[in-house]
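Protein chains in written order, with this note's numbering: chain G, 1 to 197; chain Z, 1001 to 1309; chain W, 2001 to 2811.
Do not rely on the hints blindly, as some may be mistaken.
[Claimed, not checked] Here are the simulated lysine-lysine pairs, DSBU-like style, with alpha carbons at most 30 Å apart:
1. Z:1210 - W:2745
2. W:2720 - Z:1233
3. W:2745 - W:2720
4. W:2042 - Z:1210
5. W:2427 - G:111
[What the hints assert, rightly or not] Calculated Cβ distances over 12 Å to all of chain W for the following chain G residues:
6. 38
7. 39
8. 41
If you're looking for bench data, these hints aren't it; they were derived computationally from the structure. No residue lacks a Cβ here, since even glycine has one placed at the ideal position from N, Cα and C.
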Amino acid sequence: MSLTRREFIKFTGLGLAASSLGMLGFGASGEAQAAAVRPFKLTHATETRNTCTYCSVACGILIYSMGDRAKNARSNIIHIEGDPDHPVNRGTLCPKGSALLDVVHAPTRLKAPRYRPPGGTEFKEVSWDFALDRIARLMKDERDKHFTARNAAGTTVNRWTSVGMLAASASSSETAYLTWKVARSLGMVVFDNQARV
Amino acid sequence: MSDLQSQDYVRRSASTMTPPKARSHEDQVAKLIDVSRCIGCKACQSACMEWNDLRQEIGHFEGSYENPSDLSPDVWTLMKFAEYENEQGNLEWLIRKDGCMHCEDPGCLKACPAPGAIVQYANGIVDFISDKCIGCGYCVKGCPFDIPRISKTDHKSYKCTLCSDRVSVGLEPACVKACPTGAIMFGSKSDMKDWAGERIEDLKSRGFDKAGLYDPPEVGGTHVMYVLHHADKPSLYSGLPDKPRISPVVGAWKGILKPLALVGIGLAALAGLFHWVTEGPNEVTEDDEAEGARVLGESKPEPETETTP
Amino acid sequence: MTNTWQDIRNANLVIVMGGNAAEAHPCGFKWVIEAKIENGAKLVVVDPRFTRTASVADYYAPIRPGTDIAFLSGVMRYLLEKDAIQHEYVRAYTNASLIVKDGFGFQDGLFSGYSEETRSYDKSSWDYELDEQGYAKSDDTWQHPRCVINLLRQHVARYTPETVSRICGTPQDKFLHICELIAATAAPDKAMTSLFALGWTQHSVGAQNIRSMAMIQLLLGNIGVAGGGMNALRGHSNIQGLTDVGLLSNQMPGYLNLPLDKETSFDEYMRTKQFKPLRPGQISYWQNTRKFVVSLQKALWGDAATKDNDWCYDWLPKLDVPLYDIIRAFEMMNNGQMGGYICQGFNPLQAFPDRGKIRRGLSKLKFLVTMDPLDTETSRFWQDFGPQNPADSAAIQTEVFQLPTTCFAEENGSLVNSARWLQWHWKAADAPGEAQSDIWIMAGLFHRLRELYRKEGGAFPDPILNLTWKYTDPVDPDPEELAKEMNGRALADLEDPATKAVVTKAGTLLDGFAQLRDDGSTASGCWIFSGCFTEKGNQMARRDATDPREQGIAPNWAWAWPANRRILYNRASADLDGKPWNPAKPVIAWNGSKWVGIDVPDYTPTTKPSDSVGPFIMNAEGMGRLFARDMMAEGPFPEHYEPLESPVENVLHPKVSHNPVARVFDDDRAAFGSPKNFPYVATTYRLTEHFHFWTKHALINAILQPEEFVEIGEALAREKGIAQGGWVKVSSKRGVVVCKAYVTKRIKPLTVDGRPTHVVGVPLHWGFTGQARKGYGANTLTPSVGDANTQTPEFKAFLVNVEKTSAPMTA
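Just chain G, same shape as in the assembly (with noise of 0.2 Å):
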């Protein structure tokens, strides 16, 4: 049974003494059974462990997805929440934790490399291939232009100025490493991360 708001509405204008006593709901307990909670989402979701990506309180996380990670299924991330076992969080997520959900999908999250010329107004998609391509020759040529060998006393030195790097705080230390193994390799130093911001 349903009764909408605007049929209720227009069956005060007619004759409800003879025809709709049924319809306030005397005697229809057989439609008791029709109504439902909310079906729980999560009965068969694929559930994945990691960890938050906020702050260093690192709490264990549970991610949510769809699809049974079959060969024809692309899973997607339907919910995240907080790792019950997790001995800091034990299950508690702070507003931002329990939003994790909305940052995965953010309209702003970015899909495909994007370029800007000089003066440009706008940016356009490029290919992987020509971004790797162009910044690997910006960075060669910087690098051949003002690498310092040795310095004005003769000391080796050998150390890159002329470009710089910022190091994401939020990436896994297997990422950090690697990226000070290709910076330094580089001579880079003006080189830093999140610590201090």
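Given chain G, work out where chains Z and W should sit, using these hints.
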């Protein structure tokens, strides 16, 4: 789809069906909100929106941390912040999570004219069944805590379900799970009352002589309870009612329904009633209320069904 | 953190100062609440604002931003005067008894050795008097006038409650009440924990703020014990890891220093690293530095690193300045000294001081690369977004690359939390569109560069051409392989030096850094991580939450550096005989033949208490330092210096008002405002609903705090006619923010040196990309000056003016 049977209900709006109460041996559940542990972080709001897939429009800053600015069909719980200078001149920032109290004696359910649109399960949860809701707004009027909100989109009433979907599969509500400081606890009502007792003792030892439990008897107690440092003055907490009261009109409406149904309906009286219900339910003034009471005044409210805790 | 998050529950007193734990770290803060409930603990909050942490505190006191050292020095004075220190601990585990050189002194705001010209110190007098064997002299009776405890007593004598109140604006009674609460934790079985974060670091005296509290904790015997410690709550999810792996201008993995120009050879470099013990029998663990460095060089350059070429020492870049920090980087950019900049998951236009200067700097680059999951402001600095980002795109010649990356949910790897736990996480879904991992991008860039150098030659290609890259998939190295590389492995069969038996076979993953060698037979990319990925498997993936006695150690959950030790300096949790100070919460104890307990001891478990090996094994004297020797830029004792922008002069020494060794670039100095034009003290901070500049991209968080605002007290609002929620113009010498005002009782004017001082709170989250409403960002206002040791920008104390204004047309 259906996770609940009629046997799970103990009450059902606008219905003479006597629920079998076959599940009455079930422990009643309760959410205990200990405001003395609450840091106002809004994790509960965030988790509620995420779990229930609700996203209100982005609002504005309006001179308070309270955001969104009010409960809505998409905002089922809301942190309320009150800056209070106590008698010693010290500042207290009283922060309270607002939302449905899941009353033992629910004013919304009693007020609801749509059969089965509001139900109370054996575990104490008061739930709105959307497909039965007619959007009349009477639950808004019936609620002593000003909780339900009618959607402008689908004209149905919404509020916190106490995550009945999670509870029905044996999980705690989303806000409870998220709460970083354990200010929101969930369990059987008796356990929650015991725990509240310990908390109150601790608060008293820290100088809050008037600490106490908010489980107002005026609505038969609630399935969402608060531990307050100032239990003598609930209204300090952004207007938590000192003595919540179901509008007498609701009692009257409830009272008139059955006699009318049994003896046949006087159309004139009904038309008057429905005019009032449909035209002004969301913003009922004192006068309206008096008028309503006058219209309905003759019928005596029938005694409420007792429920076994 | 010296301790773990859960260990906070063991505290008797929690002091939150220099941070706002409830808002910035809500889930860690649960252990504070737990301490209150389960351990009867009291929570004390000292903060310019009545924060959400203060809302659940047992005691709150206000303080003027930038005056924490005065407050804490006053606490030290109180403790020493009332003799509320843990004597046995202080005598045995700190350098209180050691005698300082005769030439050391302090006068009129300056320590001995200051040069006006270089704005720096000759620190040679900041050291101990040594005996013939090179050990520091000591006087356990504390009679010697120059033993550390007496010098400290003398140094803090000026910080009377009156003076503290005059500088900090904290009412004397509140200050003294907090002193009393703190003093009570000098009892051997009582502990206070200090929870702090950027509220202490982001000052021109940031490191000294933290030192001050560390000294208090040493005086109270609260380091190394359950429920104690110095607990830096830290920011981003892997900021600890990035610091551990050395992604700072002067660092190498595992807190090894990048060489300096003056360290012309490997031996010269090592000469200043392998600290000789300064007391008999001490471990002085940095003596092993050679093993760590050689193993790192082997990890980086493999067979190319040999004894004969000093393990490729010269392939490492050397530093001609102490730091190429962010403030220097943008100074260089503005001076046209930089051609390119790569921002990996970093948004400097929002995050760095003096936004105008950041924008001008980026505009002078030849190219900018951003790698981020989100559309950051930095990647769009060249685009006009109205007053929040005015830009003339056509005039900006910078080439900009915006590279999309995966986020946490789309990759495997480990993150190090603030308690030093390395926790592995697993991928849940593919990244959207063409987004790629940072590892894939860095590998792609590296291969292209290496190829260019192979083909074309160029400036010193050797370190690039020889960099080890033995990954199964060179294009996209597996995080597990990288983790193993950091953990380290034997490159040859390792023999026991005594028996000559092979103890570790070539190719085996190492069990820990104790196995590292300095002869090139081991490789390890990050020595402190050694033990994280052994032959037993990925220790970081362990998920056994068992916690003996529920004392907050959980030793088998993930893995903690160093050596899976959960509480640093845990030797100090027991007395000289090895009996726990607090028998109810022992961490380790001596059982007659070895150290046993719930945590990994600081040193070999069979080291007898009678050997008197100090718990602070990284320090040459084995002791906690009340006197820092030459480790700090501005002095071995903390001293109160006013922020670079301050409403008042330094009442202690007006001639040396500010940090005398703060590095200030000329253009930055010119951009400092005076109290005449900018009379109010501003401080920046986060709100609990947001995380920096990311969550404004997340709809839920944008709903929870949608729009930029500042917080001002009712008194200032009245004075300025500002209504609740009304529009204000907040300005500093560097820029203007137009936003709404939150008029609150939670900020009250402070009486500083007899005058009312208003504080303006500036939350920092808003920018011009994402879902929240557009904002100017707090860094429009902040000054470009840093802490003298770390160059952490002074975001927490600067000057602004506030005026009422009307709603902008676009709002």
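Outcome of the hint check:
1. Taken as a hint, the residue 1210 of chain Z and residue 2745 of chain W pair is honoured in the structure, with Cα atoms around 24 Å apart against an allowance of 30 Å.
2. For the proposed pair residue 2720 of chain W and residue 1233 of chain Z, the alpha carbon gap of about 34 Å is over 30 Å, so the pair is violated.
3. Between the alpha carbons of residue 2745 of chain W and residue 2720 of chain W the distance comes to roughly 16 Å, so the proposed pair stays at or under 30 Å and holds.
4. Note on residue 2042 of chain W and residue 1210 of chain Z: the hinted pairing holds, with a Cα-Cα distance of about 20 Å set against a maximum of 30 Å.
5. In summary, the hint linking residue 2427 of chain W to residue 111 of chain G is supported, as the alpha carbons are separated by about 18 Å, within the 30 Å threshold.
6. A cut-off of 12 Å between C-beta atoms confirms that residue 38 of chain G is not in contact with chain W; the least separation is 19 Å.
7. Interface exclusion of residue 39 of chain G from chain W stands, the closest Cβ pair being 22 Å apart, more than 12 Å.
8. For residue 41 of chain G, the requirement that its beta carbon stay farther than 12 Å from each beta carbon of chain W is met, with the minimum near 16 Å.
Hint 2 from the earlier list is the only one contradicted by this structure; the remaining hints agree with it.
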